[in-house]
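J.: Letter by letter, the chains look like this.
There are 2 protein chains.
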Amino acid sequence: MASILIADDESRISGFIDKGLRAAGFATRVATTGPDALHLALTGEFDLLVLDINLPGMDGFEVLEQIRGSGSRLPVIMLTARVELEDTVAGLERGADDYLGKPFRFDELVARIRLRMVRDDAGSSSELSHRDLRLDIRTRRVHVGERSVELSAREFALAEEFVRHPGHVLSREQLLSRVWGFDFDPGSNVVDVYVGYLRQKLGPGRIETVRGMGYRLA
Amino acid sequence: MASILIADDESRISGFIDKGLRAAGFATRVATTGPDALHLALTGEFDLLVLDINLPGMDGFEVLEQIRGSGSRLPVIMLTARVELEDTVAGLERGADDYLGKPFRFDELVARIRLRMVRDDAGSSSELSHRDLRLDIRTRRVHVGERSVELSAREFALAEEFVRHPGHVLSREQLLSRVWGFDFDPGSNVVDVYVGYLRQKLGPGRIETVRGMGYRLA
DNA sequence: GGCAGGGGTGAGACATCTCTTAGAAAGGGC
DNA sequence: GCCCTTTCTAAGAGATGTCTCACCCCTGCC
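Chains R and Y are the protein sequences, given in the same order.
Going by our numbering, the residue at position 30 of the first sequence is 30; the numbering climbs one at a time, nothing skipped.
Going by our numbering, the residue at position 45 of the second sequence is 45; the numbering climbs one at a time, nothing skipped.
Please keep in mind that the hints were generated in silico from the structure rather than gathered at the bench.
Please note: incorrect hints may appear among the correct ones.
Copies of one chain are not kept apart here, so a pair can be met inside one copy or by any two copies together.
As the list claims (entries may be wrong) - Once the Cα atoms are required to be at most 20 Å apart in a straight line, the calculated DMTMM-like pairs of lysine to aspartate or glutamate come out as:
| # | residue 1 | residue 2 |
| --- | --- | --- |
| 1 | LYS19 | GLU65 |
| 2 | LYS201 | GLU150 |
| 3 | LYS201 | GLU127 |
| 4 | LYS201 | ASP185 |
| 5 | LYS19 | ASP136 |
| 6 | LYS19 | GLU62 |
| 7 | LYS201 | ASP132 |
| 8 | LYS19 | ASP132 |
| 9 | LYS19 | GLU161 |
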């Protein structure tokens, strides 16, 4: 599982991000001062840093600069107030990988995090696979053996969730919160429906039902 | 080891590039004025020049012109503000091999440097291509198979973005920020419209829509 | 056999996304 | 100044994706 470090002073924001990212299946940790953020970033424990500019002790720019100065290529997404576009430019010039203006939409942040992680794993490839099932995160192409399959956005996200946890039993609630979002109606049977769609498109025998528990990638 | 000359006046930027490139395994040297840059470029010690337009004493265009005038084929990557597409064109016409709009992502710069160095072993060309689609960065000429196609500046920039990431799904937001600039109205549908223009000019079946995600070069 | 609790699936309402088109605004060339 | 090109916005039609609902099936138990 991917670990994300959140550096933000305002607990209102960091708390919100923290909760959301956990719900989206990431491991998280919050730093509330510049020096803390820097120190944690350099431990090498994290896969990505979400960095606000306003931090006590040392501002985001400085943190970023020191991180890059130490030779680390840790992916960094900066948060900047929409007004301060120049800040953004400055941040990017100093080696941030992306930025997001506040206020931002949460799914936007998640999308960018995913994008960034794919990017950076991906000296190798952006492909997830299990048996003869292959998903390419970057191109959004899906193959079953030699056969190429078209999946909608939702179907792809669900398939991805399965392939990322091969063999694990994933409950409806888990899938619902990770693929559909944490605030989705818990009484819905969308998961069942979409598992059905996937079985149709990927072929039978791939996604097993575990009665009373959930589903599992065979 | 490859030696890279960085010509930039703002120490904030040149320092950043310098540090980053060293970390990426290049030998570097920084010039802060136009005449310095020209002089160093002509020593023959360097394998590539990263050249900003704003330089005291002599601007980037002039430096480039003099380098080419002296017969040197030193690969040059220009840094230009992305907004000013004309700068870009001007730079390329005067013999730059590639350009990068500011602000830029650092890994993008490294990628282009690598590309350029490989290219130049193989007889220099400033051509990007994918299948039977060819873009010449320097002359801004576009060919589809044998057919020559006229693209406007914006269309070219968009096409370029696709060809630089063949097969990848590029979201509207990515395209908007990379081709149109950071502060562009996120609610706009320009990307859609321009993809339409490109499809018209390049022929159908080349740019695929990935519903809910973005577009992809087939 | 009958029942209860899951689970599967087709139909259709609804929302969203995408494409096209027309035209206004801005800028360059003559 | 006038014309042409480029760029961008806006609006509407059409396509596709998403989700709910209702109903059927299966399994295990009595």
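J.: Compare the structure with each hint and give your call.
T.: Right, here's what the structure says about each hint:
no., hint, verdict
1, LYS19 / GLU65, "between (28 Å within a copy, 10 Å between copies)"
2, LYS201 / GLU150, "within (8 Å within a copy, 27 Å between copies)"
3, LYS201 / GLU127, "within (19 Å within a copy, 32 Å between copies)"
4, LYS201 / ASP185, "neither (26 Å within a copy, 38 Å between copies)"
5, LYS19 / ASP136, "neither (28 Å within a copy, 33 Å between copies)"
6, LYS19 / GLU62, "between (27 Å within a copy, 15 Å between copies)"
7, LYS201 / ASP132, "within (14 Å within a copy, 32 Å between copies)"
8, LYS19 / ASP132, "neither (35 Å within a copy, 43 Å between copies)"
9, LYS19 / GLU161, "within (19 Å within a copy, 35 Å between copies)"
Taken one by one, the earlier hints fail for this structure at numbers 4, 5 and 8, listed in ascending order.
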